[in-house]
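A.B. asks: Listed below, chain by chain, are the residues.
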Amino acid sequence: MVKRRVLIVEDNHDAGEMYRILIELAGHEVLLAEDGTRGLELLKSARPDIALVDIGLPGMDGYEIARRFRAEPDAGRVLLVALTGYGSSADRDRSRQAGFDLHLIKPVDPQALQDLLDGHT
Amino acid sequence: MSARRELRALLAFLFAAGAVILRWLLDPWLGSSFPFVTLYGAVAGAVWVSGRTGGVLAAIASYLAVNYFFIEPRGTFGISGTGSIVGAVTYFFTCAIIIALGEVTRRSEQHAHQRGELLDATLASIGDGVITTDVRGRITSMNPVAEALVGWTGTQARGRLLDDVFEVADGSARIDIGDGAAFEPALLVSRDRSEHSVDRTIAPIHDQTGRSVGSVVVFRDVSQRRRAQLALEQRERELADFFDNAGVALHWIDVDGVVVRANQAALDLLGYAAGEFVGHHIAKFHVDRDVADDALARMLRGDSLSRYPARMRSKDGSIKTVLIDSSSLSDNGRFVHARCLMFDVTERKREEETRSLLAAIVAASDDAIVSKTLDGIILTWNDGAQRLFGYTPEEAVGQAIDLIIPPELRFEERQILERLRSGQRIDHFETVRVAKDGRRLDISLTISPVRDDSGRVIGASKVARDITEKKQVEAALRDADRRKDEFLATLAHELRNPLAPIRHALEILVRAGGDHRLFRQATDILTRQITHMVRLVDDLLDVSRITRDRLHLRKTRVELSSVIEHALEASKPLLDRDRQTIVISLPDRPIDLEADPVRLAQVFSNLFNNASQYTEPGGHIWLTGEQHGREIVLIVKDNGIGMPADQLDGIFEMFAQIGDDNERPRRGLGVGLALARRLVQLHGGSVTARSAGRGLGSEFEVRLPVSEGPVEPNENRAPSPVQEPGMRRILVVDDNRDSADSIATLLELSGHRTFVAHDGLAAVESAERLRPDVVLLDVGLPKMTGLEVCRRIRSHEWGKTMVIVALTGWGQESDRRKTREAGFDAHLVKPVDYSDLLQLISAPQPLS
Chain F
1 MVKRRVLIVE
11 DNHDAGEMYR
21 ILIELAGHEV
31 LLAEDGTRGL
41 ELLKSARPDI
51 ALVDIGLPGM
61 DGYEIARRFR
71 AEPDAGRVLL
81 VALTGYGSSA
91 DRDRSRQAGF
101 DLHLIKPVDP
111 QALQDLLDGH
121 T
Chain E
122 MSARRELRAL
132 LAFLFAAGAV
142 ILRWLLDPWL
152 GSSFPFVTLY
162 GAVAGAVWVS
172 GRTGGVLAAI
182 ASYLAVNYFF
192 IEPRGTFGIS
202 GTGSIVGAVT
212 YFFTCAIIIA
222 LGEVTRRSEQ
232 HAHQRGELLD
242 ATLASIGDGV
252 ITTDVRGRIT
262 SMNPVAEALV
272 GWTGTQARGR
282 LLDDVFEVAD
292 GSARIDIGDG
302 AAFEPALLVS
312 RDRSEHSVDR
322 TIAPIHDQTG
332 RSVGSVVVFR
342 DVSQRRRAQL
352 ALEQRERELA
362 DFFDNAGVAL
372 HWIDVDGVVV
382 RANQAALDLL
392 GYAAGEFVGH
402 HIAKFHVDRD
412 VADDALARML
422 RGDSLSRYPA
432 RMRSKDGSIK
442 TVLIDSSSLS
452 DNGRFVHARC
462 LMFDVTERKR
472 EEETRSLLAA
482 IVAASDDAIV
492 SKTLDGIILT
502 WNDGAQRLFG
512 YTPEEAVGQA
522 IDLIIPPELR
532 FEERQILERL
542 RSGQRIDHFE
552 TVRVAKDGRR
562 LDISLTISPV
572 RDDSGRVIGA
582 SKVARDITEK
592 KQVEAALRDA
602 DRRKDEFLAT
612 LAHELRNPLA
622 PIRHALEILV
632 RAGGDHRLFR
642 QATDILTRQI
652 THMVRLVDDL
662 LDVSRITRDR
672 LHLRKTRVEL
682 SSVIEHALEA
692 SKPLLDRDRQ
702 TIVISLPDRP
712 IDLEADPVRL
722 AQVFSNLFNN
732 ASQYTEPGGH
742 IWLTGEQHGR
752 EIVLIVKDNG
762 IGMPADQLDG
772 IFEMFAQIGD
782 DNERPRRGLG
792 VGLALARRLV
802 QLHGGSVTAR
812 SAGRGLGSEF
822 EVRLPVSEGP
832 VEPNENRAPS
842 PVQEPGMRRI
852 LVVDDNRDSA
862 DSIATLLELS
872 GHRTFVAHDG
882 LAAVESAERL
892 RPDVVLLDVG
902 LPKMTGLEVC
912 RRIRSHEWGK
922 TMVIVALTGW
932 GQESDRRKTR
942 EAGFDAHLVK
952 PVDYSDLLQL
962 ISAPQPLS
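In order, the protein sequence lines correspond to chains F and E.
Reminder that position 70 of the first sequence reads as 70 in our numbering, one-by-one numbering, no gaps.
Reminder that position 847 of the second sequence reads as 968 in our numbering, one-by-one numbering, no gaps.
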């Protein structure tokens, strides 16, 4: 199993904690940010393999993080995953246009999360 | 004259000669005797033919001849002897007598003849027919007029019976005339069978002795006169018929004002029988006495009435409005009668009234009502049109309707006119028109063709209604609909947010194995997130209650600071999370309010949450309160993102969210402010929002009425009985917050209303303030033990009937006794079986 570095950007502390625990239980490294500005910072500086980004964030929202990060050189290596409670096709289009690779609807199925970490998606 | 005289003389000599010759012939037998015997006749004849002179001539001439030839001595004229002288004397004496008699007779004859001639001439010259008969009825004479009428000549008729000649069609010509004259009309049938109307008089003829000697019939052809008379009578009848059956109502009024004649139309008009109208004073039929008097006075003066309005009373009591025309008939300046025509204008009057009414409706209508020709020229323009479009009637009438049609829509008008021409009506056609000031108006048009009497379309009437407002309402509805859709999306999002950690926490519980720390962490999160979801569901229920107007308050006397404290408590997690500070500044002295403490706390909690949500992490929030008269004014202020002015009104709408669509992430359901406003309104207060603009923070001002007067004993103010069936208000007291929250959450999920306290003092205070139905009380509490809390609650009148349940880890009989003595109704040992708890709570409350 490849140990991956995963960035979680989630302002709901409980939700963020749960991701962290689950992903750590699966043997991966987790970085946690609770607002958009911190999220973008970590995304640039820590260069995770996967970033799970909540769309609805105080300050800078998930779309903005994706857009800004995609403007960075060598940004394509990171798998950007949008996490949101909005599930319409318009919402999916929007996250794709912002630069996300995947759009997952909350609550994310733990198996889907597992597959994501295993690189099966 | 001399010729007739000579002729008469000659005739006298001829008579004389004849008599002489006759004597000469008789001479052989007479000799010298009787010399004059033949002469007397000659004298008489001469007198008859030639008069007295002729007689004398004849007497002398014949004497001389006889004396010469027959008296001895013959051949001489001498008289010889006495005998001769006596003879001569006798002769002349006799001749004198003859001449005298003859003369008398002749004169009488002549006179009679002249009279006869005169009569004949008279009879011939007069225009009447005259027939005379003898006593036996035989015709003796007939004049020319009679001849012409009966067709017989006098000669033919003479001697015939009157009846044969004077034939009548209808009875005998002979009537018993008695002594007097009789007059009667008859129809004469003449000989050629033609008929003549005649008037005839029959009178007897008497002689000098008075004896009837015949009769005279005088008759006159009156056919022509009769015809003229018949024609007159016919004309009279026709006129009467015309009068009686004329289509207009006619009546005559005499000098006394009495109706003397009325035709059928007049009677029909008012519904009277002839006897009920004719012979009565006209004033009796007028509704207005003064009008009747005035009309009558004018007519008697000889004035003609023309279209004189009056109201007449019909027999059935209905009132007819009429116009009267009249003309008066005068004879040598003396009023005879007035002839009146009545025109029933009741219907017309009603139509006029209807028309006036319609006109008034058109004038008063809020809608613009415009009529136009088929060429689109404006004919009428009501006040509504002026109000709507801004043009006065003077400006609009006569103009083309294009005046108010936007240039790009002119084609529309052509289509409209086309449809109108074909008689179609256009209903509720929504379009745009331009007012005088250039404003575009959303209007709804209904256009109907206007037809003349023959049904030809001659124009159009157009009713235009301003639907700008309707359009706005429609837009508002669409907006509300859009907000609802957004709300549903938001709701899904908001529910999914806590679901994510819950799902993961469950996953962690599955994987945690014996890791107690992980187990605890996961359950804590489950509790928190479920509580959050419960709050969401509560909000949803409140939304539902607001929309159905089923939100009820449980008002009691509360102190403002305690309400604010509870609100702060509820909002604290949110403020803490974003590291936001809140500064409270309230009046020093207590402010009492008549309020539902839970709901009012919800108001301020919602305002705090709202401030927090729209303020950056680390921002500041202020609450200031000041009393102004009988109002407390509370302002919640932040230094957050603020609001554009145009959104200030909308933020209190249900599901409102500041920002454009998905520009900003959403937090919450967008019902907090709507709920807050409604709750404040229910408390008799108001809430308004202010902002200097984007990035400049927001202010929410709440005004609430302050309670005056002394605090009344709480016992007298029982909580409102309005409560959903089966629902209990439950106070959960536990110093372990997660434990308290989880139980509260469970109870909420079962449909109860819960409140939480975490120490003994707060528990007593909450019980007093909230008057719950049930108190679930942890025995081991900070500040005051559960036993003491129970005793204190029971010491109050309001606390006697509360169901107080002990929740404790201690289950010994001694423990149960302690709680029982302290006033608990039940004793449950942790971990509590949830179904037992529910059963206990749902059971009917024990009577005290």
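The set of hints was computed from the structure by calculation and includes no laboratory data.
Please note that the accuracy of each hint is not assured.
[Claimed, not checked] So the derived list for chain E, only partly shown, Cβ under 8 Å to chain F, looks like this:
hint : residue
1    : 613
2    : 639
3    : 737
[To be verified] Under the rule of at most 20 Å between Cα atoms (straight-line distance), these lysine to any residue pairs were calculated in the SDA-like manner:
hint : chain 1 : residue 1 : chain 2 : residue 2
4    : E       : 605       : F       : 88
5    : E       : 676       : E       : 566
6    : E       : 693       : F       : 87
7    : E       : 693       : F       : 13
8    : E       : 605       : F       : 13
Beta carbons: idealized from backbone N, C-alpha and C, even for Gly.
A.B. asks: Each hint should be assessed against the structure and marked as holding or not.
C.D. replies: Here is what the structure says about each hint:
no.	hint	in the structure
1	613	holds, 6 Å
2	639	holds, 7 Å
3	737	holds, 7 Å
4	605/E <-> 88/F	holds, 16 Å
5	676/E <-> 566/E	violated, 53 Å
6	693/E <-> 87/F	violated, 31 Å
7	693/E <-> 13/F	holds, 15 Å
8	605/E <-> 13/F	violated, 29 Å
Against the hints set out earlier in the document, violations occur for numbers 5, 6, 8.
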